[in-house]
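K.L.:
Sequence:
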Amino acid sequence: MLKLNNVVTHYGNIQALKGISLEINQGEIVTVIGANGAGKTTTLKAICGLVNITSGKIYFQGKDITDKPTSDIVGSGIAMVPEGRRVFPRMTVLENLQLGAYLNGDKNQINKDLERVFELFPILKQRLKQVAGTLSGGEQQMLAMGRALMARPKLLLLDEPSMGLAPMIVSNIFDIIQEINRSGTTILLVEQNAHMALSIAHKGYVIETGKIVMEDTADNLLHNEQVKKAYLGE
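The UniProt record's numbering puts the first residue of the sequence shown at 1, with every later residue one more than the last.
Calculated directly from the structure, the hints in this document are not laboratory data. Treat the hints with care, since some could be wrong.
[Unchecked claim] Derived DSSO-like pairs (lysine-lysine); straight-line CA-CA distance at most 30 Å: (1) Lys129 <-> Lys63; (2) Lys125 <-> Lys107; (3) Lys68 <-> Lys18; (4) Lys107 <-> Lys3; (5) Lys57 <-> Lys107; (6) Lys129 <-> Lys57; (7) Lys154 <-> Lys129; (8) Lys129 <-> Lys68; (9) Lys18 <-> Lys125; (10) Lys211 <-> Lys57; (11) Lys18 <-> Lys3; (12) Lys3 <-> Lys125; (13) Lys18 <-> Lys107; (14) Lys63 <-> Lys18.
What you are looking at is a predicted structure, and each value in this text was computed from that prediction instead of being measured.
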């Protein structure tokens, strides 16, 4: 479904990604784990067209999306939940969700998608008229995920969904990620909580200083001694 071939990116003179190659099949949850500054977020931004690619190619459903405008990439079926939620704080919950559907002109479909979001995140239905900036961190994360789902993505990119959240909320968010996947959405998950990420993923990649240094099934990575020492605190 998604394929990165030797993707290289730079921030000025600094090489951020040094030839990243990875593959995601339809229906999978794939996770990328690694330390802060390893290139996890940059990988997601490269997929979305938010950073320029110096060399390499990105393919989505067999089509070359390298250097396409972000709006075209979203239109093709990729949506991203950015690190730090990035909800529109002065807009209501409903307005934030409606913005996620800006490419969809079908009101009936938008209403159906809203109902689907409320099934996954019942709290958002209770907060519809509330200004997003007044929500708790967990509620803002749910809103950011709901907003991305309003774009009806085939592939959902999640950047650090557990960041800054209480353990009970994190567990709830990860249950919902699995539910979204079971309903047919493929997921690429970037996450510092490596244990949680590997426990729900099918496959995992380990990234260090802009390079993929390991790839395997999530279960194998979870039991890999190197991964345990470096990322699982064991």
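K.L.:
Hints first: check each against the structure and report whether it holds.
P.N.:
The hints, checked one at a time:
Simply put, lysine 129 and lysine 63 have alpha-carbon atoms about 40 Å apart, too far for the 30 Å limit, and the pair is violated. Straight-line distance between C-alpha atoms of lysine 125 and lysine 107 comes to about 18 Å, which keeps the hinted pair within the 30 Å bound. Pair hint lysine 68 plus lysine 18 holds up; C-alpha atoms about 21 Å apart against a cutoff of 30 Å. In summary, the hint linking lysine 107 to lysine 3 is not supported, as the alpha carbons are separated by about 33 Å, beyond the 30 Å threshold.
About 36 Å separates the Cα atoms of lysine 57 and lysine 107, which puts this hinted pair outside 30 Å; it is violated. For a cut-off of 30 Å, the pair hint linking lysine 129 to lysine 57 is broken: about 43 Å separates their Cα positions. For a cut-off of 30 Å, the pair hint linking lysine 154 to lysine 129 stands: about 29 Å separates their Cα positions. Of the supplied pair hints, the one linking lysine 129 and lysine 68 is violated, its CA atoms being roughly 35 Å apart against a limit of 30 Å.
For a cut-off of 30 Å, the pair hint linking lysine 18 to lysine 125 is broken: about 43 Å separates their Cα positions. Restraint check: the Cα-Cα separation between lysine 211 and lysine 57 comes to about 15 Å, which is no more than 30 Å; the hinted pair holds. Of the pairs offered as hints, the one joining lysine 18 and lysine 3 holds, with about 16 Å between alpha carbons and a cut-off of 30 Å not exceeded. With a CA separation close to 36 Å, the supplied pair lysine 3 and lysine 125 exceeds the 30 Å bound.
Our distance criterion of 30 Å between C-alpha atoms is broken by lysine 18 and lysine 107, whose separation comes to about 44 Å. Distance check on the hinted pair: lysine 63 and lysine 18 sit about 23 Å apart at the alpha-carbon level, within 30 Å; holds.
Comparing the model with each earlier hint shows violations of hints 1, 4, 5, 6, 8, 9, 12 and 13; every other hint is respected.
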